[in-house]
Structure formats: structure tokens, C-alpha cells
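Enquirer: Please model the entire structure based on the sequences and the hints provided.
There are 2 protein chains.
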Amino acid sequence: MRTIRLTDTDNIVLAVDSLRPDDVAEGVTITERIARGHKAAVKPIAKGAPVLKYGQVIGFARQDIAPGQWVHEHNVHVQEFDRAYVFGIDATETRYTDAADRRTFQGFRRASGRFGTRNYIAVLTSVNCSATASRFIADEVNRSGVLDAYPNIDGVISLVHGTGCGLDTKGEAYETLRRTQWGFATNPNVGGVLMVGLGCEVFQIPGWMKSYGVQEDETFRTLTIQEVGGTRKTVEAGVKAIHEMLDAVNAASRTTAPASELMLALQCGGSDGYSGITSNPALGVAVDMLVAEGGTAILSETPEIYGAEHLLMRRAVSTEVGEKLAERIRWWEAYTARHDMEMNNNPSPGNKAGGLTTILEKSLGAAAKGGSTNLAGVFNYADPVTARGLVFMDTPGYDPVSATGQVAGGANVLCFTTGRGSAFGCKPTPSIKLASNSYIFEKMNEDMDLNCGDILDGVSLRDKGAEIFEAILRVASGERTKSEVLGYGDSEFVPWSIGATM
Amino acid sequence: MRTIRLTDTDNIVLAVDSLRPDDVAEGVTITERIARGHKAAVKPIAKGAPVLKYGQVIGFARQDIAPGQWVHEHNVHVQEFDRAYVFGIDATETRYTDAADRRTFQGFRRASGRFGTRNYIAVLTSVNCSATASRFIADEVNRSGVLDAYPNIDGVISLVHGTGCGLDTKGEAYETLRRTQWGFATNPNVGGVLMVGLGCEVFQIPGWMKSYGVQEDETFRTLTIQEVGGTRKTVEAGVKAIHEMLDAVNAASRTTAPASELMLALQCGGSDGYSGITSNPALGVAVDMLVAEGGTAILSETPEIYGAEHLLMRRAVSTEVGEKLAERIRWWEAYTARHDMEMNNNPSPGNKAGGLTTILEKSLGAAAKGGSTNLAGVFNYADPVTARGLVFMDTPGYDPVSATGQVAGGANVLCFTTGRGSAFGCKPTPSIKLASNSYIFEKMNEDMDLNCGDILDGVSLRDKGAEIFEAILRVASGERTKSEVLGYGDSEFVPWSIGATM
Ligand SMILES: [Ca+2]
Ligand SMILES: [Ca+2]
Ligand SMILES: [Ca+2]
Ligand SMILES: [Ca+2]
Ligand SMILES: [Ca+2]
Numbered sequence: 001m002r003t004i005r006l007t008d009t010d011n012i013v014l015a016v017d018s019l020r021p022d023d024v025a026e027g028v029t030i031t032e033r034i035a036r037g038h039k040a041a042v043k044p045i046a047k048g049a050p051v052l053k054y055g056q057v058i059g060f061a062r063q064d065i066a067p068g069q070w071v072h073e074h075n076v077h078v079q080e081f082d083r084a085y086v087f088g089i090d091a092t093e094t095r096y097t098d099a100a101d102r103r104t105f106q107g108f109r110r111a112s113g114r115f116g117t118r119n120y121i122a123v124l125t126s127v128n129c130s131a132t133a134s135r136f137i138a139d140e141v142n143r144s145g146v147l148d149a150y151p152n153i154d155g156v157i158s159l160v161h162g163t164g165c166g167l168d169t170k171g172e173a174y175e176t177l178r179r180t181q182w183g184f185a186t187n188p189n190v191g192g193v194l195m196v197g198l199g200c201e202v203f204q205i206p207g208w209m210k211s212y213g214v215q216e217d218e219t220f221r222t223l224t225i226q227e228v229g230g231t232r233k234t235v236e237a238g239v240k241a242i243h244e245m246l247d248a249v250n251a252a253s254r255t256t257a258p259a260s261e262l263m264l265a266l267q268c269g270g271s272d273g274y275s276g277i278t279s280n281p282a283l284g285v286a287v288d289m290l291v292a293e294g295g296t297a298i299l300s301e302t303p304e305i306y307g308a309e310h311l312l313m314r315r316a317v318s319t320e321v322g323e324k325l326a327e328r329i330r331w332w333e334a335y336t337a338r339h340d341m342e343m344n345n346n347p348s349p350g351n352k353a354g355g356l357t358t359i360l361e362k363s364l365g366a367a368a369k370g371g372s373t374n375l376a377g378v379f380n381y382a383d384p385v386t387a388r389g390l391v392f393m394d395t396p397g398y399d400p401v402s403a404t405g406q407v408a409g410g411a412n413v414l415c416f417t418t419g420r421g422s423a424f425g426c427k428p429t430p431s432i433k434l435a436s437n438s439y440i441f442e443k444m445n446e447d448m449d450l451n452c453g454d455i456l457d458g459v460s461l462r463d464k465g466a467e468i469f470e471a472i473l474r475v476a477s478g479e480r481t482k483s484e485v486l487g488y489g490d491s492e493f494v495p496w497s498i499g500a501t502m
Numbered sequence: 001m002r003t004i005r006l007t008d009t010d011n012i013v014l015a016v017d018s019l020r021p022d023d024v025a026e027g028v029t030i031t032e033r034i035a036r037g038h039k040a041a042v043k044p045i046a047k048g049a050p051v052l053k054y055g056q057v058i059g060f061a062r063q064d065i066a067p068g069q070w071v072h073e074h075n076v077h078v079q080e081f082d083r084a085y086v087f088g089i090d091a092t093e094t095r096y097t098d099a100a101d102r103r104t105f106q107g108f109r110r111a112s113g114r115f116g117t118r119n120y121i122a123v124l125t126s127v128n129c130s131a132t133a134s135r136f137i138a139d140e141v142n143r144s145g146v147l148d149a150y151p152n153i154d155g156v157i158s159l160v161h162g163t164g165c166g167l168d169t170k171g172e173a174y175e176t177l178r179r180t181q182w183g184f185a186t187n188p189n190v191g192g193v194l195m196v197g198l199g200c201e202v203f204q205i206p207g208w209m210k211s212y213g214v215q216e217d218e219t220f221r222t223l224t225i226q227e228v229g230g231t232r233k234t235v236e237a238g239v240k241a242i243h244e245m246l247d248a249v250n251a252a253s254r255t256t257a258p259a260s261e262l263m264l265a266l267q268c269g270g271s272d273g274y275s276g277i278t279s280n281p282a283l284g285v286a287v288d289m290l291v292a293e294g295g296t297a298i299l300s301e302t303p304e305i306y307g308a309e310h311l312l313m314r315r316a317v318s319t320e321v322g323e324k325l326a327e328r329i330r331w332w333e334a335y336t337a338r339h340d341m342e343m344n345n346n347p348s349p350g351n352k353a354g355g356l357t358t359i360l361e362k363s364l365g366a367a368a369k370g371g372s373t374n375l376a377g378v379f380n381y382a383d384p385v386t387a388r389g390l391v392f393m394d395t396p397g398y399d400p401v402s403a404t405g406q407v408a409g410g411a412n413v414l415c416f417t418t419g420r421g422s423a424f425g426c427k428p429t430p431s432i433k434l435a436s437n438s439y440i441f442e443k444m445n446e447d448m449d450l451n452c453g454d455i456l457d458g459v460s461l462r463d464k465g466a467e468i469f470e471a472i473l474r475v476a477s478g479e480r481t482k483s484e485v486l487g488y489g490d491s492e493f494v495p496w497s498i499g500a501t502m
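Protein chains in written order, with UniProt numbering: chain A, 1 to 502; chain B, 1 to 502.
It is possible that some hints are incorrect.
One copy or any two copies: either way a pair holds, since identical chains are not told apart in the list.
Listed below are the simulated DSS-like cross-link pairs for lysine-lysine, each with C-alpha atoms no more than 30 Å apart in a straight line [unchecked claim]: (1) Lys170 - Lys233; (2) Lys240 - Lys210; (3) Lys233 - Lys443; (4) Lys170 - Lys240; (5) Lys352 - Lys43; (6) Lys352 - Lys443.
Calculated directly from the structure, the hints in this document are not laboratory data.
Expert: This is the structure:
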């Protein structure tokens, strides 16, 4: 009869196995049958008092609840005013690790001052029309063997997509694509860029470069198929342009970098009933450790944290940061309404049967990846992340689209929790996959990097968080993740397509 | 001083080179300077009388216009009521080629009774999460050499995309994706299908198959990564599934098929000032020839024919067909309004300077690809095309998205006109690229299949249309297009993404 208490302040425990009367959990005698995945009170909860999970309010007692009783919708409720937006009142002073105890990794120092964990050459595409040429360029360089002489280069990647034309240049879709491309071009895991276009597309390379104040140089080259005169010549010219940048890109080498230079993207996909109690809170512990080092972690997937956004706002470092999140939530409410969709995805009957009592509890399970520190910033999709600490980037919940925004924001490492078993991998940013349960860790062992399922067997969140943090440092220093070994990352660049396609 | 008169009934000619007073065009003495790309009257046009180009009304004379005079916005106007929707009043009886003179091609007969022009095995993906595994499966089979023993198989293609999850199952985006996948699975150019999924995605393979009433069989197989247990095992199982269908897929062989079994997709992209007077009307002649054979051609790109839709409605074979087009136009007006975009893209100052007088003239230039026969049907994006003759499929103008819908509709051959130089190619449907001008034909000669630029030097539309029709028959019979030789088609599958991504 295993149980989990997620934080010391919680007044409930989770039943990992089903509980019967007279079972003892956390020193408390259980007084009724409690199904697995459901909650038992471990402290008296007076009528009107908060029910605490993740150290957070997930609802209020409808009546007095005694230790050992089942805690679910029959005796817990949420009122709408509980979600009122209040900014910053739960923000605390960040406790940083002592300077002498700070951790490091081996990274590639960039001219920007940032550090990469990988050193790729990226072939970007302005439009789908140049996708095939770009793939041919990357494939030819990778297969030719020429990179064998350049050990500091991780490879050439082609980042192709389905858009770039049929767009309104004054619209959100166009701006999102521009930011995404710029973010990949400047991600610290990218040492060289070749941007390939068709020529007549809406996404014009010269205008894009001008708006960011850049010009072609040794490690930033551009080509268009129409100017060069066709596909074959473009492939030839693109391969030549990459050959010409190999010396410069290979000149980067790994050097000791403070862990504060890590920017960690947080993802979950294919979640199950365990994600919110094993892999997500364990990742949250690792995030707290990274923040203590002065590093950055990016929580995202707005539709999946909807319902718990007010709790993030309470941790905001400023009214401005809190307001920015409120504005993004309002944007989503309008966006989904415009498409006849719903944000307010209350726990479904299936969720409730599985033990989730309120939408707060559900969304907190996803938000648990972000740990417990202050909310230091809120960013639009694919915008450069300029704050340190835990930040939020507004993205869809759909994994490849969300991760694409985070990597554009500057993420140089990524942790992805999954219960059903995701096969995600990204380039240029290595992705560590965390299984929420031991079954999927075994079943998909060639895809999963780390098992969080043993939390159900008694491994503490603190120990698991520390294990994840060590894995992050090793991967940042060059250890290859499972998805890198498998070769993922060439089809997972999916910029958010917001507007109408004309 | 070259000029072009597009049809005998036109009362204007186009100046290919600029004209001066006393130049003679079509036996008419020019009376003022007329810039290249602009129009000269070759018959008297009384005040209020229609100006005819492509045999169609492009506007009305504001004043009496004498032969030899410049015809442009100073003496031509359009009134809103001219666009009133009237259904079928210009429909005529189709003149079919005599049975004895009918043409044939060598195609693959399918169990459905349709004929393929290629014989591919398609690896479809329910979601982006299975994209990498699907690419690995296709690559492994293609590179292994195993296909050398199966000469009737054109290869294995992986059709990956960026969606399949984060979707509302009750929404337009989901329905569009389901139709598109089904259309590719059943396109007559596909001899075998392997559908690969992750497992937990919104797009569920079993439900999709059930809704179309199909089950797995010798040439239709499915797999999910979660069920098989990871990426490597999925690639292994996918390769095995394809090996198991090779004998059955290779059993198809080319046999004589009537030209009426061709379903031709019509595309233009990277258009220039010549597209509307060379490649597009020449392709229209070829379409008329195909329709006379009993075949089918699909005109699309709704935003690009907007402004001339009422003329297509006048050619509708029934009120129902005309109404369906009107309904699609209203849908686009609402769709673009919802995204703060405009359909009513009147000739821009640049268009006007180039000689385009009205939005009708501009849109007729795109619609000219469809030729002059009746409008036999109107179809939603990616819906199976079930009519014969000239039909319309509602798609965006953006080439890969539009072509994806047409191929899903059943197109087994495609003609693509371009002025600026498109590099498009498609699998499983071969794409013949038609240059609108000789400059781009030469400049991108490794990408262009056929030059329509010599129409400016006097080659007749009739002769050029016949040349295109012959090329269609040859390509349908197996002759490889330039984009097939180059290897296009693995990145150009782009299902229309309509709704919100969650
Ligand atoms: Ca350049
Ligand atoms: Ca997700
Ligand atoms: Ca073969
Ligand atoms: Ca199966
Ligand atoms: Ca187009």
C-alpha cells in the first residue's frame, strides 16, 4: 500500500495502491476505501480550509475532513473567486547556492556570451519551397564524410517547415515565423547558419536580416534558388557555403561554463496519471536546483497550466510579469473562442475517476515541472528569453510546436516527461526523456533516458530531482541522449502556425 | 512589336513589346503609346460595351474606344453588380473527342477501377511524433537495394507533417487532416500503405480506419511506437511490414488506359506578368483537350480566382454546383475576416503599372488554367473528386497546401505554371513544370519541364496546349519529370492547417 506525499505542507497523501480501512499511511490510519490515484487526508481539514497538494491550494473542504478520510469532489469544492489574479504576493527571496558550491558544465562559448551545449550548423528555410534543397544540402554534407575532420561540429541540420508564403506580412503568423527563425539562427547550440529561400516568397530573407540588423558573414550565409538558378546549383552552392564555414564553426570548443548558463526547456507529452506525481514534481526539484545556481528554466504549454495560472501570478517577481501572463491567458481565451474551442477543460469524468478532484489539481500536475521558485518573466512564443530563474513562455501544449518556441527562445537543453511514451527529440537542443512510470521506462527503454517511476516505490522527489539535475549537466557537457543516438530532430521543427493560410 | 490575342472573340490585344503610334497589330494601326503588358483595342468598343479578354468580360468601356487605342483604367470600369452570382447560364454541351480518336496512356489499374501513373508505397503518419520513425522506415527500404528486385515499384515515400495532436476532434482542422490522409492512402498512385502513429495522439488510427470502413490487409498496415515499444523496434517492424507487401505492390504493372482516367491538378506559383497570357491559357487549352477525352482537371487556389468566381458559376453544370462555389467564397470571406485579412485584393499599383486593369482580369489570368469547359463540380479541400470534366477544389493559394489537397482528391498528374521559377515537386503525383517565360526556362532549366515563353514569339496557344497535353500523356505513362529526377516530394506534403493549435 504505497502512498506519496508531495511536499511536507500537504494535508493529503496520494494512494499509489488502493487503500482499505486500517491501512496506515504517513502514520495516519485510513478509515475508508480509497482507490489508487485518489487522495487521503493526513491532517484534520476544517470546513472551509484549503486542501493542499504540491504545497498549493487545490480546493477547499466543504465540510470537516478527518485524517484517514477520502478527499474528493464529495467533500472538496472550488469557487470562481479563488482564481482572482493577485500578483507577486507569494514571491520570496531566491536562495542561491553558495558561490563555492556552484556547479559547471562543458559548453561552447559564443560571441554573445552565452554557451551552447551542442555545435550544429543549421540550414534554415524561408519557405516550404526550399525545403527539399535544404535537406539535400544537409544530407550531402553529413554523408560526404567531410565532417570527420571537424570533431567539434555535431552535424548539419535542415530545419524545414510548411509555411513562409500565403501569409499576411502584417499578421501574427508572419511575426511568429520571423521570431522563430531568428531564435534558431541565434540559439547558442548553433555555430553556423545557411538560410535557403526560393526567392519570390512572402518571407523575404533580406528584409528579415535587416530587421535584426545582421549581414552575411563567415558563419551566416544565404542563398535563393531563383537567384542561383535551380535546385541542383543551389545544393552545390549550399554545400560550398557550408564547406567555407567549417573551419570557423569547428574553432569553437568545449570549455568550463557555470551551470547558470543553462536554459532548460520543460515539456510534457503523453502524460498519464503518474506524470503529475512522479516525473513532473521531480523535474520541478531539478528546476529549483538550477534556479539556485542562477540558471533559467522555461515552463510553457499554456492550455495545460490553464486553471493554475493565478498561482503562477502569485509567484511573479513584479506586477508587470504577472500582468503579462494575465494578458496571455486572455489572448488564449479569445483565440480558442474564435475557433469554437474551449480552454476550460475541467477534469473530465475519466480524470475524476482517476482521482483528480479539481482543474487546479490537474493543471498543477503540469505546472509542477516548474518547481517552486518565483516567476521571473513571461515571454511570447519564440521571443528571446532574457530573464533568469523560472520563466514562462506562452506556447500551445502540442509538444513539437511548444519545444520549437522554447528553443527559439534560447533553450540549450530540454527535459521532457512522459507517461504514455513520447518519442520526441530535437535539434539543435538535446532532449532528456523522463518516464513517469517504470512500465513505460522498460517498454520503451531505447527512447527513455531516466526513470521517475521508482518514486512510486519510495525514491524521494528530492533524490530524483538531484538525479535529473546531474543528467542535465552531463548531457549539457556532451553526453548523448537516447533521441540523439536514434537520430531524432530533423522533422520536429514545427513553428506555431497561428493565422490563416491564403 | 509582338502582340498576343488570347481568343478570337477578344476585342483587345496584349502588347508583348511596347507599341508606338503607327505600329500595326492584328491589322489595326496603333494610335498612341502602349507600354508592354498593356492592352490595345482591336475593335471599336462602344461606351458601356464589354472589354473582352480570354473571351471573358474584364470590364466595360467608360467611353467609346477606337481600334488602336490604349485600354486601361482611364477608359474601363467595373461595377459591383457585374459580379452578381448567376448559375449555369454559360454552360454548354461538352464536345467530346470521337471514340475512335481517343488517346491513351500506360497506367497502373487499381482495384477501385482507377489508374495510377506511379506505383509508390506510402508511409503515412498520424502525428508529428511518428515523423522521424516514418522517415527512417522509408529511407531504410529505399537505401537497402531491396527494391531493385521489384521494378514496378517507384519507391517508398514518407508523408510527414506537423500536426495530428493538440487538435479539437470536433473541429475543421481535424476533419481536414483525416480527409487528407485518407485521400493519400487511396490515391491511385499509391500501391501500398503503412500508417505509423505514436499511440496517444488525438488522431487515432483505429478510429480513422473504422470511419472509412477499412481494415488492415496485405497492402495496408499500421503500427504505433507505443505499442511496438520504441523507435528502433518500430523502424524494424515498419521495414518488415513493407517487405511483406512488396510482392503484392509489385504485381501491378502498366497497362493501356484511356486518357479519361487522368485527373490533372492545376497549380500556379511564383506567377509573373506573363503567367496569365502564356502558360496559364496554354494549360487551359490542354485542359480542354483532356475534358474532351472524358478526363478531369482540378482548378483550385480560391484566393487567386477571387473576383472571377462569378464567371465560373456561370459555367456551372447545375445550380447546386454553382451554389457550392458561392458557399465556399462566403466561407473564405468569413475565414479571412476572422483573421483580419482581406480577400478583395484589387490590382495593386504594381499590377496596374504592369497592365492589369481590373480584379477580374487578374483573377482570370489564374483561372485561365482551367480552360473553357463547364464547371462540373465543386469540392471541399481534400475531398474525393467524384465528377468528371473541369472541377474546382477549394484550397488556399499557397502551392504545397493546395497541391496536397488536390492529390488527396485523387489527382494522378499535376501541371504547375511559374514565372518567377518554382522548384515544387510532389510524391506520389508527378508534377510537370511550365515556365511562363523563356528567361526562367533557361535560368532554371534543370527544374523546368516545358517552356511556354515562346508564345510571346508567336507559338499559338493551341499548339502549346497540344504540346502540354502530349507531355501529360508521356509523364502519365512513366516519363520522369524534372522534379522527380531531382528527388522532390518528401517535404511537400503540407495538409491545410485551419484551426487553432492547442
Ligand atoms: Ca547570399
Ligand atoms: Ca505537451
Ligand atoms: Ca524500382
Ligand atoms: Ca497493425
Ligand atoms: Ca499558388
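Enquirer: It remains to establish, for every hint, whether it holds in the given structure.
Expert: Here's how the hints hold up against the structure:
no.: 1; hint: Lys170 - Lys233; result: neither (33 Å within a copy, 46 Å between copies)
no.: 2; hint: Lys240 - Lys210; result: within (24 Å within a copy, 50 Å between copies)
no.: 3; hint: Lys233 - Lys443; result: between (46 Å within a copy, 11 Å between copies)
no.: 4; hint: Lys170 - Lys240; result: neither (35 Å within a copy, 49 Å between copies)
no.: 5; hint: Lys352 - Lys43; result: within (22 Å within a copy, 78 Å between copies)
no.: 6; hint: Lys352 - Lys443; result: within (27 Å within a copy, 64 Å between copies)
Consistency with the previously given hints fails for numbers 1, 4, ordered from lowest to highest.
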